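2 protein chains.
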Amino acid sequence: MSRSASARSTWNAVAPEPDRVVAAASASARAWADAAPTARARVLEAVAGALEGERPELVALADTETRLGAARLDGELTRTVFQLRLFADLVRTGEALDVRIDRPDPRWPTGPRPDLRRYRVALGPVLVFAAGNFPFAFGVAGGDTASAWAAGCPVVVKAHPGHPELSYRTAGVIRQAMARADVPEGVFALIEGQRAGTDALRHPALRAAAFTGSTRVGLTLARVAAERPEPIPFYGELGSVNPVVVTPGAARARSAEIAEGWAGSLTLGAGQFCTNPGLLFAPADGDLLDALTEPLSRAPALPMLGDRIAEAYGDGARRLAALPGVRRLVWPKDEASTAPRLLTLDLAAFAADPRAAAEECFGPLGLVVTYERLGDVAAAVTSLPGQLTASLHGEPHEHGDLADLIAALAARSGRVLWNAWPTGVSVTHAMQHGGPFPATTAPATTSVGTAAIERFLRPVAYQSWPQRLLPPPLRDDNPWGVPQRVDG
Amino acid sequence: MSRSASARSTWNAVAPEPDRVVAAASASARAWADAAPTARARVLEAVAGALEGERPELVALADTETRLGAARLDGELTRTVFQLRLFADLVRTGEALDVRIDRPDPRWPTGPRPDLRRYRVALGPVLVFAAGNFPFAFGVAGGDTASAWAAGCPVVVKAHPGHPELSYRTAGVIRQAMARADVPEGVFALIEGQRAGTDALRHPALRAAAFTGSTRVGLTLARVAAERPEPIPFYGELGSVNPVVVTPGAARARSAEIAEGWAGSLTLGAGQFCTNPGLLFAPADGDLLDALTEPLSRAPALPMLGDRIAEAYGDGARRLAALPGVRRLVWPKDEASTAPRLLTLDLAAFAADPRAAAEECFGPLGLVVTYERLGDVAAAVTSLPGQLTASLHGEPHEHGDLADLIAALAARSGRVLWNAWPTGVSVTHAMQHGGPFPATTAPATTSVGTAAIERFLRPVAYQSWPQRLLPPPLRDDNPWGVPQRVDG
Numbered sequence: 001m002s003r004s005a006s007a008r009s010t011w012n013a014v015a016p017e018p019d020r021v022v023a024a025a026s027a028s029a030r031a032w033a034d035a036a037p038t039a040r041a042r043v044l045e046a047v048a049g050a051l052e053g054e055r056p057e058l059v060a061l062a063d064t065e066t067r068l069g070a071a072r073l074d075g076e077l078t079r080t081v082f083q084l085r086l087f088a089d090l091v092r093t094g095e096a097l098d099v100r101i102d103r104p105d106p107r108w109p110t111g112p113r114p115d116l117r118r119y120r121v122a123l124g125p126v127l128v129f130a131a132g133n134f135p136f137a138f139g140v141a142g143g144d145t146a147s148a149w150a151a152g153c154p155v156v157v158k159a160h161p162g163h164p165e166l167s168y169r170t171a172g173v174i175r176q177a178m179a180r181a182d183v184p185e186g187v188f189a190l191i192e193g194q195r196a197g198t199d200a201l202r203h204p205a206l207r208a209a210a211f212t213g214s215t216r217v218g219l220t221l222a223r224v225a226a227e228r229p230e231p232i233p234f235y236g237e238l239g240s241v242n243p244v245v246v247t248p249g250a251a252r253a254r255s256a257e258i259a260e261g262w263a264g265s266l267t268l269g270a271g272q273f274c275t276n277p278g279l280l281f282a283p284a285d286g287d288l289l290d291a292l293t294e295p296l297s298r299a300p301a302l303p304m305l306g307d308r309i310a311e312a313y314g315d316g317a318r319r320l321a322a323l324p325g326v327r328r329l330v331w332p333k334d335e336a337s338t339a340p341r342l343l344t345l346d347l348a349a350f351a352a353d354p355r356a357a358a359e360e361c362f363g364p365l366g367l368v369v370t371y372e373r374l375g376d377v378a379a380a381v382t383s384l385p386g387q388l389t390a391s392l393h394g395e396p397h398e399h400g401d402l403a404d405l406i407a408a409l410a411a412r413s414g415r416v417l418w419n420a421w422p423t424g425v426s427v428t429h430a431m432q433h434g435g436p437f438p439a440t441t442a443p444a445t446t447s448v449g450t451a452a453i454e455r456f457l458r459p460v461a462y463q464s465w466p467q468r469l470l471p472p473p474l475r476d477d478n479p480w481g482v483p484q485r486v487d488g
Numbered sequence: 001m002s003r004s005a006s007a008r009s010t011w012n013a014v015a016p017e018p019d020r021v022v023a024a025a026s027a028s029a030r031a032w033a034d035a036a037p038t039a040r041a042r043v044l045e046a047v048a049g050a051l052e053g054e055r056p057e058l059v060a061l062a063d064t065e066t067r068l069g070a071a072r073l074d075g076e077l078t079r080t081v082f083q084l085r086l087f088a089d090l091v092r093t094g095e096a097l098d099v100r101i102d103r104p105d106p107r108w109p110t111g112p113r114p115d116l117r118r119y120r121v122a123l124g125p126v127l128v129f130a131a132g133n134f135p136f137a138f139g140v141a142g143g144d145t146a147s148a149w150a151a152g153c154p155v156v157v158k159a160h161p162g163h164p165e166l167s168y169r170t171a172g173v174i175r176q177a178m179a180r181a182d183v184p185e186g187v188f189a190l191i192e193g194q195r196a197g198t199d200a201l202r203h204p205a206l207r208a209a210a211f212t213g214s215t216r217v218g219l220t221l222a223r224v225a226a227e228r229p230e231p232i233p234f235y236g237e238l239g240s241v242n243p244v245v246v247t248p249g250a251a252r253a254r255s256a257e258i259a260e261g262w263a264g265s266l267t268l269g270a271g272q273f274c275t276n277p278g279l280l281f282a283p284a285d286g287d288l289l290d291a292l293t294e295p296l297s298r299a300p301a302l303p304m305l306g307d308r309i310a311e312a313y314g315d316g317a318r319r320l321a322a323l324p325g326v327r328r329l330v331w332p333k334d335e336a337s338t339a340p341r342l343l344t345l346d347l348a349a350f351a352a353d354p355r356a357a358a359e360e361c362f363g364p365l366g367l368v369v370t371y372e373r374l375g376d377v378a379a380a381v382t383s384l385p386g387q388l389t390a391s392l393h394g395e396p397h398e399h400g401d402l403a404d405l406i407a408a409l410a411a412r413s414g415r416v417l418w419n420a421w422p423t424g425v426s427v428t429h430a431m432q433h434g435g436p437f438p439a440t441t442a443p444a445t446t447s448v449g450t451a452a453i454e455r456f457l458r459p460v461a462y463q464s465w466p467q468r469l470l471p472p473p474l475r476d477d478n479p480w481g482v483p484q485r486v487d488g
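As you go down the protein sequences, you meet chains A and B in turn. Read in order, the letters of the first sequence correspond to residues 1 to 488 in the working numbering. Read in order, the letters of the second sequence correspond to residues 1 to 488 in the working numbering.
Honestly, the hints are just simulated from the structure, not real lab data. Careful: at least some of the hints might be erroneous.
A short, non-exhaustive set of chain A residues, derived as facing chain B with CB atoms under 10 Å [what the hints assert, rightly or not]:
hint : residue
1    : Asp34
2    : Trp108
3    : Ala336
4    : Trp480
5    : Gly481
6    : Arg485
One-sided and incomplete, this derived list gives chain A residues near chain B with beta-carbon spacing under 8 Å [stated by the list, open to error]:
hint : residue
7    : Ala35
8    : Ala39
9    : Trp331
10   : His397
11   : His399
12   : Leu402
13   : Arg415
14   : Leu417
Sample of chain B residues lacking proximity to chain A, with all beta carbon distances greater than 10 Å (derived) [said to hold, decoys possible]:
hint : residue
15   : Glu52
16   : Ala70
17   : Thr110
18   : Gly172
19   : Leu323
20   : Arg415
21   : Ala461
Predicted model, so just to flag it, every value in this text is computed and none were measured. Built from N, CA and C at the ideal position, the CB exists for glycine as well.
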């Protein structure tokens, strides 16, 4: 692929070391943060348009490097372009600035209230660790990058080693679009290599980092961020087994439908999703366990993102299979196969060490926990580590018995689903993609949806300033036309 | 004081050890989180009314223990009662829930959009480390407690050792008011002692902690929170020197007025405020330095909160006085006096080690940095650690030269002031009391004002649920009447 080789050398020729990259980001931070909403929105849209313009090449390159298939990757690029445009729309509204104006009030109960005006400002340079399993949507121009840009932060992306050529090419497209829009150079940069990533993370001018990937790597990087002389927020979206509970009523009413739905969600993209529903609680009575086994035993082996990931999948599956009380229901003859695995154990065995049984095995592995009484499942859910999602499959007539279980599912996750599957995270205003630790290192944040922008902003209040010295969104004449909440 | 002694023994009789206290908080968490806004608001108002009802006794007790004076303490109790009522108002509006509803949309660009409903839920049990310098406003029933309750979190307060009797008495008033309102017992508890505080902080059921106090203690506790098996957010409001810049124009036009204003802010409450403006940049030319010296040389020694604080003030002052290039302008003959100290050094000496010169000395100490050219001050401000506030005193005709300086002040602080002094933090919607690290351990948050509630909430999204299983604020019939943002 001479074309990609050329992308690499071109990129390397312009990408200096992390120190200089973060310094350049810092130098451009004020100009980018102060840009009017329309100007910043246009840049996001220009990047979206430029990526759209290179769709065939980008998708082909991604498929070569990730083996995820052209159809899925085409859809993912659509999502990535949509995300950029959605954040552009959000920037235009000015809502993320959360402008609050309290006018002077001499009769305020705690003493005369001064003129106070508060809005949210960009944090400064952000480091994005691109993910391996979503080369577009969580990649160089993915959701973390888009939301940080939208907030007004320059972004340094640490490329994922799983798809270097796509990373260079995407970076080239971004850089060209930004140059055409006269954006300061430091607003975007690409670096590569583990060492460069941690060096950038330690740079004193860096202000935040976002990461999507494994719990192990995420927690290591989170520690680096926390141990800086000036600690910075580290938004890590880590592992999750996304528990699913099937009630006795649902199992009786539609075991085949649930089994097909689960198999589809569990094997989608070879199970390489952070929302993969790897843990399912099923009634011990009835035919659900048999029904769950059937489609998975037929499911083919799909290629995984790389050989190391396939090996880790096999290792993880063997570790789970070796836990006390675990039986194998679906297991390929070839140990090296990436075909689905299905394991089961009963609730008592699960309860003996829920954290071991609930450890993520990245890939198409399902672990079914069989229960005798639905009333015991809430406690099992409560014993789980934090999760991105939790799903309940039930029937309308069971409503009365589900309150405790629903509360437990909501308490341990960031998104709860009813008769639905967690894969396919919609990019919307109400989406929450982030749950209690360790699913997310900052559980009050989301990495998908418009609220993702909040990670890269902090409030500043201006007290008693003359109009002409105030930032535009805080002025009475409101030149940017942003929403201003006056006197609460 | 037999009455206080009795308060202590009564309290100790009902306050079990930290483990049981946090477990009780956890047991009450769901009921408190699920309470309707009006019910929760009424409890906050009941506590406010009960404190108001004990005003004379509480103020007298606080004055005995803190030596802050009845007038100041009376005003602080007013603020504390007001805070509780302001949060009650906020709870009633339902705005903090940030309800977002995205209806199903089959034509959504990234694929059919499911029914998604997101709101913010209470984190769970919160530990509040009460402050010593604000026995009411940051005390047992202070802003951290009020905002955590408002969010729907049970609160365990670790009493400050500086005013134990006031803490017991306040706790007794709260407990009685809550019992009358049938609030579950675990919603409030008081513990005491350093060991009990760290034990509670390590309790697995604890979900967040808030702290107001010294940088040293705050960072130690932040580390405990971060090193838990499940780390939790630690909202530490730590030290700050709150830099003030006086322009040449302002110094020429109103040196006496500025000097009086500074002396008033610096010596208020014996300088025992986190917003105390301890660092001032003044033009080397002109009479401002003389003017600043005059009122401080006349200012009396005020009693400090305790002997250890007075000693630490003396030690800190001597440390600063010993830095290279520092001269003493006001210094008491009696080294043990808590009278104001005034020190000065020039910008070059300051720039040699800005972090040493900008280390907080808790008490009425002012350090004046003299500059030759205003254009050099922005870099000095940029070299400071993060600050709660930063102030600029200037003249209208200087506007054109101030942009870089204002940007630097805003970049290193959470609140910027124009021709005003930072003490006297107004409790409003637009207030921001929290700045870049280490002024605050979580710089995107505030500990004063209505936005303080956000620290104790996290979002949860509900996908595809039938109406009757949704939490009340997410239902179409909206039984709580909260604002619902539909489709963005």
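Exercise for the section: Report the numbers of all earlier hints that the structure fails to satisfy, in ascending order. Expected result: Result: hints 3, 4, 5, 7, 8, 9, 10, 17, 20, 21 break, sorted rising.
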